Amino acid sequence: MRYILAQGVEEGERYYFEVDQDGTAYRQVTVLGDQVLVSIAPHFHLAESAVEWYEGDEEISAESFNEVWTRTVEPYKDAWQRSKAHYAIGVKVQGIIRMFYPQGVIIQLDEECYAVANDASLRKQTNPAHMYPGFVIEGTIGGCDEANFWLVLDRCTVVGPAES
Numbered sequence: 463m464r465y466i467l468a469q470g471v472e473e474g475e476r477y478y479f480e481v482d483q484d485g486t487a488y489r490q491v492t493v494l495g496d497q498v499l500v501s502i503a504p505h506f507h508l509a510e511s512a513v514e515w516y517e518g519d520e521e522i523s524a525e526s527f528n529e530v531w532t533r534t535v536e537p538y539k540d541a542w543q544r545s546k547a548h549y550a551i552g553v554k555v556q557g558i559i560r561m562f563y564p565q566g567v568i569i570q571l572d573e574e575c576y577a578v579a580n581d582a583s584l585r586k587q588t589n590p591a592h593m594y595p596g597f598v599i600e601g602t603i604g605g606c607d608e609a610n611f612w613l614v615l616d617r618c619t620v621v622g623p624a625e626s
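Under this note's numbering, the letters of the sequence shown match residues 463 to 626, in that order.
Hint data in this document are derived by calculation from the structure and do not stem from the laboratory. Since we're looking at a predicted model, the values are computed, not measured. Worth double-checking, as some hints may not be accurate.
Claimed, not checked - If you anchor each label on the Cβ, the simulated ranges turn out as follows:
#: 1; residue 1: G495; residue 2: F562; range: 25 to 31 Å
#: 2; residue 1: E517; residue 2: V493; range: 32 to 38 Å
#: 3; residue 1: R617; residue 2: E473; range: 47 to 53 Å
#: 4; residue 1: P623; residue 2: S526; range: 42 to 48 Å
#: 5; residue 1: G622; residue 2: E525; range: 42 to 48 Å
#: 6; residue 1: E510; residue 2: Y538; range: 19 to 25 Å
#: 7; residue 1: H548; residue 2: Q587; range: 24 to 30 Å
Ideal Cβ positions, reconstructed from N, Cα and C, are used throughout, including at glycine.
With the sequences and hints as input, model every part of the structure.
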């Protein structure tokens with residue numbers, strides 16, 4: 463992974479990116495003056511296309527990025543701790559597809575808890591018409607993604623559209 467600090471057009475506008483070799487963003491912190499947005503809940507603010515380099519952008523160390531990341535996600539840590547305590551590994555759960563990220567399918571389990579499932583394996587076994595936000599996924603808690611505050615789901619299946 464590479465880490466980028468990009469300056470925005472406006473005063474006080476900065477973007478911190480964790481990107482792969484193709485420029486796909488995996489984690490992002492966006493600073494817009496006094497407002498700070500992150501690529502995890504509750505903001506889900508992540509570049510949708512490849513991150514491009516512009517004059518004034520600089521590559522930063524993983525340590526520098528992670529320092530900003532850790533400080534920025536601190537307000538969401540209590541909710542993450544509650545989620546991990548509530549959903550034990552091995553428990554079968556249901557949630558609703560909310561979006562697709564480079565890390566996988568993002569599923570909302572409750573008001574403050576999200577999970578990620580393997581996109582490729584889900585697509586192999588799922589009707590393409592059911593791989594959209596709003597469909598219910600069932601799976602088993604297999605672990606935790608501590609960087610993004612997501613539970614990791616294994617053995618997932620799409621069970622149908624969410625009830626209105």
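Results for each hint:
1. G495 with F562: 25 to 31 Å: 30 Å, holds
2. E517 with V493: 32 to 38 Å: 19 Å, violated
3. R617 with E473: 47 to 53 Å: 49 Å, holds
4. P623 with S526: 42 to 48 Å: 43 Å, holds
5. G622 with E525: 42 to 48 Å: Holds, since G622 and E525 (Cβ atoms, about 45 Å apart) stay within the stated range.
6. E510 with Y538: 19 to 25 Å: 22 Å, holds
7. H548 with Q587: 24 to 30 Å: 28 Å, holds
In terms of the numbered hints stated before, the structure departs from hint 2 and from no other.
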